[in-house]
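Undergrad: Residues per chain are reported as follows:
Number of protein chains: 2
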Amino acid sequence: MKKLKQTIDSIKHPDREVYEKALARLADQARPAGCLGELEALSARLAGIAGTLDVQLKNKIIVTCAGDHGVVEEGVSLFPSDVTTQMVFNFVNGGASVNVLARHAGARVFVADLGVNYDFKPDLPVFHKKIRKGTSNLAKGPAMTREEAVQSIEAGIEIVEELLRKERVDMLGTGDMGIGNTTPSSAIIASFSGIAVEKLTGRGTGLGDKALQSKIKTIKKALELNNPDKNDPIDVLAKIGGFEIGGLAGLVLGAAANSIPVVCDGLISTAGALIACELAPAAKDYLFASHRSVEAGHKFMHDHLGLEPILDLKMRLGEGTGAAVSMEILDVATRILAEIKTWSEVNIKDVQNKS
Amino acid sequence: MKKLKQTIDSIKHPDREVYEKALARLADQARPAGCLGELEALSARLAGIAGTLDVQLKNKIIVTCAGDHGVVEEGVSLFPSDVTTQMVFNFVNGGASVNVLARHAGARVFVADLGVNYDFKPDLPVFHKKIRKGTSNLAKGPAMTREEAVQSIEAGIEIVEELLRKERVDMLGTGDMGIGNTTPSSAIIASFSGIAVEKLTGRGTGLGDKALQSKIKTIKKALELNNPDKNDPIDVLAKIGGFEIGGLAGLVLGAAANSIPVVCDGLISTAGALIACELAPAAKDYLFASHRSVEAGHKFMHDHLGLEPILDLKMRLGEGTGAAVSMEILDVATRILAEIKTWSEVNIKDVQNKS
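Protein chains in written order, with my numbering: chain C, 1 to 355; chain D, 1001 to 1355.
Among these hints, one or two may not hold up.
Simulated restraints, written as ranges between beta carbons of each label pair [to be verified]:
1. C:Gly208 to D:Glu1345: 23 to 29 Å
2. C:Gly106 to D:Gly1306: 30 to 36 Å
3. C:Gln56 to D:Gly1075: 40 to 46 Å
4. D:Glu1308 to C:Gly106: 25 to 31 Å
5. D:Arg1103 to C:Glu224: 34 to 40 Å
6. D:Ser1010 to C:Gly51: 53 to 59 Å
7. C:Asp119 to D:Lys1166: 55 to 61 Å
8. D:Lys1005 to C:Ser344: 38 to 44 Å
Pulled from the structure, derived: some chain D residues nowhere near chain C, Cβ distances all over 12 Å [unchecked claim]:
9. Met1001
10. His1013
11. Arg1031
12. Gly1051
13. Asp1123
14. Leu1124
15. His1128
16. Arg1165
17. Lys1166
18. Ser1193
19. Lys1199
20. Leu1223
21. Glu1224
22. Ala1282
23. Phe1300
24. Ala1338
Hints listed in this document are in silico derivations from the structure and should not be mistaken for laboratory results. Here the structure is a predicted model, which means the values were calculated and not measured. Ideal placement from N, C-alpha and C gives every residue a C-beta, glycine not left out.
I would like the entire structure built from these sequences, with the hints used as guidance.
TA: Given below as structure tokens:
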């Protein structure tokens, strides 16, 4: 709990002066004001975070947090739990979707085991942060203890700290792997938002109509049974969350505390980010929403966090895939601020009437 | 007219067999089916066009077509016409927005003078395809003659042919520069769609309310006065178009005739693409829509062309900036098809129930 509290306390707002300078330079570039839309907003935020107008996102890292879920026994996923383990090996071998997309974006993927139901050998190159081999079934009781919830968030913070002991990190991306984890994520959104579970629950990896109805019932049952306190984010995480979701919350807090921009992936990563920002609202300043997933409920979280998703490509995979693709756009955003010339630099008189 | 006819006649459909193979491989990759959304659709189309599952978009070129517009005398733009000329020099010097964004996407920018009101020296490294030094004021009569319209389209085709004589082109992007050119573009959409001018006309580079009303009046006047025949795309281009818009139509036709995927930029490029596809519907198979501009009317064209825009970043600059940014995503799309492993390749049993 001490690490968590210290981390939350150490989150500061980005550099307002550099942010304002960035906006001024963008407005003075040889093009109609505002015409690069969201790219301008992104570039100014990144400048404020980095404290410079020439932001270099050289070392980009995606951390994919993995965990298993007791709720899978309720039939909420098309895939069996052991796919979580198999995908961890797939990530380590570099053949998964997030590896391909990260490679293209010039980012590296690290995997973190927060609670996978498998005994990985200690020399497997992943962050070994297992809390327990899968959560308890949240439809039958709390997913984890309060202590485990704190431990999972602190594990995420530790991952950031361990990365930073080895290297400078210019941008962090979050990703998830955990069969069944759209169920706790939807439950978390329902808990914080008060929106009906039916409206927030999606098909995950591709449930049919009947299985979707069953998933909705499971989430409702979990909420009624556990009655999480939405004013206590750790209670929400403990009762209806997941170990990797706690880890994802910790990544956001750790990034914010170290002034690293953090781009969060789809539904599960955003649920983690939501818990982080409920614990520490200032973390929002460091957060970027990679894409709008097709999963219902994702939009609520973006609105709640005040974030405009960068992409809307109907993706719904997780792993950090959306974070990886959006890093290409965030990279572009840094370039427009640094490289597009101003009117005076190109000797074109600014004739624009701003009325 | 002979070149135009020959080009239209030579456009063939992409390779259906490779397209189907691409879809089959995507469906068999170690991830839930369809979860990479639009990226999958893009990658399959690119494979069909290239005739291979391992599409390499190595040589990407953006051609920015420039031209001036007599209608500027009606006060439809905040900028004076001579900014078109100045921006041509800015492009050539590499300091404009499109240069920066293209550089990041690994693309090169070529500029084409289709009708700029300036005598560029012959050694300026642009495509010298000037039809005339600016169109006539379409609010007072036809913007150009029918012959000039054909000539402008053929100039665009020639640019593709001249590029191909020197090098292989893996992807072509279109871009525009022409002060006042949202006016002919909106007029073209109104003409083809029959939608009210009020609904289709936007603020261009940033018109105020009064100037917007005046722009709408100008477009209405142009449509009434010239009465373009929407079943005759060359008539539409001639009466209410622009030289660079003709050039942009020619780029699309030239790319399609040479089996090159072509990604079109914002409102003006899409107006050019619309004319190309009205002349040769098969050209649509080679066309990609880079982004949804904030300009009203852009959505109509995308729907009409059956294209889903790749990005929605509230951009409204032109130059080829949207094409450049979307090339990053198109590049990613080629990698997912080629590099993500299938279930059998990673030895994970495909347990997905596709119900």
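Undergrad: Does each hint hold? Answer for all of them.
TA: Hint by hint, here is what the structure shows:
1. Distance hint check: the CB atoms of Gly208 (chain C) and Glu1345 (chain D) are about 27 Å apart, consistent with the given range 23 to 29 Å.
2. One distance hint, 30 to 36 Å for the beta-carbon pair Gly106 (chain C) and Gly1306 (chain D), holds here, with the actual separation near 33 Å.
3. In this structure the hint that Gln56 (chain C) and Gly1075 (chain D) lie 40 to 46 Å apart at CB holds, the actual value being about 43 Å.
4. The hinted window of 25 to 31 Å between Glu1308 (chain D) and Gly106 (chain C) holds, with their beta carbons roughly 27 Å apart.
5. In this structure the supplied range 34 to 40 Å is violated for Arg1103 (chain D) paired with Glu224 (chain C), their Cβ-Cβ distance being about 56 Å.
6. Our hint of 53 to 59 Å for Ser1010 (chain D) and Gly51 (chain C) holds, since their Cβ atoms are close to 55 Å apart.
7. Remark: the range hint 55 to 61 Å for Asp119 (chain C) to Lys1166 (chain D) is upheld by a beta-carbon distance near 59 Å.
8. About 49 Å separates the C-beta atoms of Lys1005 (chain D) and Ser344 (chain C), a value inconsistent with the hinted range of 38 to 44 Å.
9. No Cβ of chain C approaches the Cβ of Met1001 (chain D) within 12 Å, the least distance being about 37 Å, so the stated non-interface status holds.
10. Interface exclusion of His1013 (chain D) from chain C stands, the closest Cβ pair being 25 Å apart, more than 12 Å.
11. A Cβ of chain C approaches the Cβ of Arg1031 (chain D) within 12 Å, the least distance being about 5 Å, so the stated non-interface status is violated.
12. Every CB of chain C lies more than 12 Å from the CB of Gly1051 (chain D), the least distance being 22 Å, so the non-interface label holds.
13. Every C-beta of chain C lies more than 12 Å from that of Asp1123 (chain D), the closest at about 21 Å, which supports listing it as non-interface.
14. No Cβ of chain C comes within 12 Å of the Cβ of Leu1124 (chain D); the nearest lies about 16 Å off, and the non-interface call holds.
15. No Cβ of chain C approaches the Cβ of His1128 (chain D) within 12 Å, the least distance being about 22 Å, so the stated non-interface status holds.
16. The beta carbon of Arg1165 (chain D) sits about 31 Å from the closest Cβ of chain C, which is more than 12 Å, so the claim that it is off the interface holds.
17. For Lys1166 (chain D), the shortest C-beta to C-beta distance to chain C comes to about 27 Å, beyond the 12 Å cut-off, and the non-interface label holds.
18. At roughly 24 Å from the closest C-beta of chain C, the C-beta of Ser1193 (chain D) stays outside 12 Å, upholding its exclusion from the interface.
19. With a minimum CB-CB distance of about 21 Å to chain C, Lys1199 (chain D) clears the 12 Å threshold, and the non-interface call stands.
20. Against chain C, the non-interface label of Leu1223 (chain D) holds: every CB pair exceeds 12 Å, the least being about 26 Å.
21. No Cβ of chain C approaches the Cβ of Glu1224 (chain D) within 12 Å, the least distance being about 28 Å, so the stated non-interface status holds.
22. The Cβ of Ala1282 (chain D) sits about 26 Å from the closest Cβ of chain C, beyond the 12 Å cut-off, so the non-interface label holds.
23. With a least CB separation of 19 Å from chain C, Phe1300 (chain D) remains clear of the 12 Å interface cut-off, as annotated.
24. With a cut of 12 Å on Cβ distances, Ala1338 (chain D) falls inside the contact zone with chain C, its closest approach being about 8 Å.
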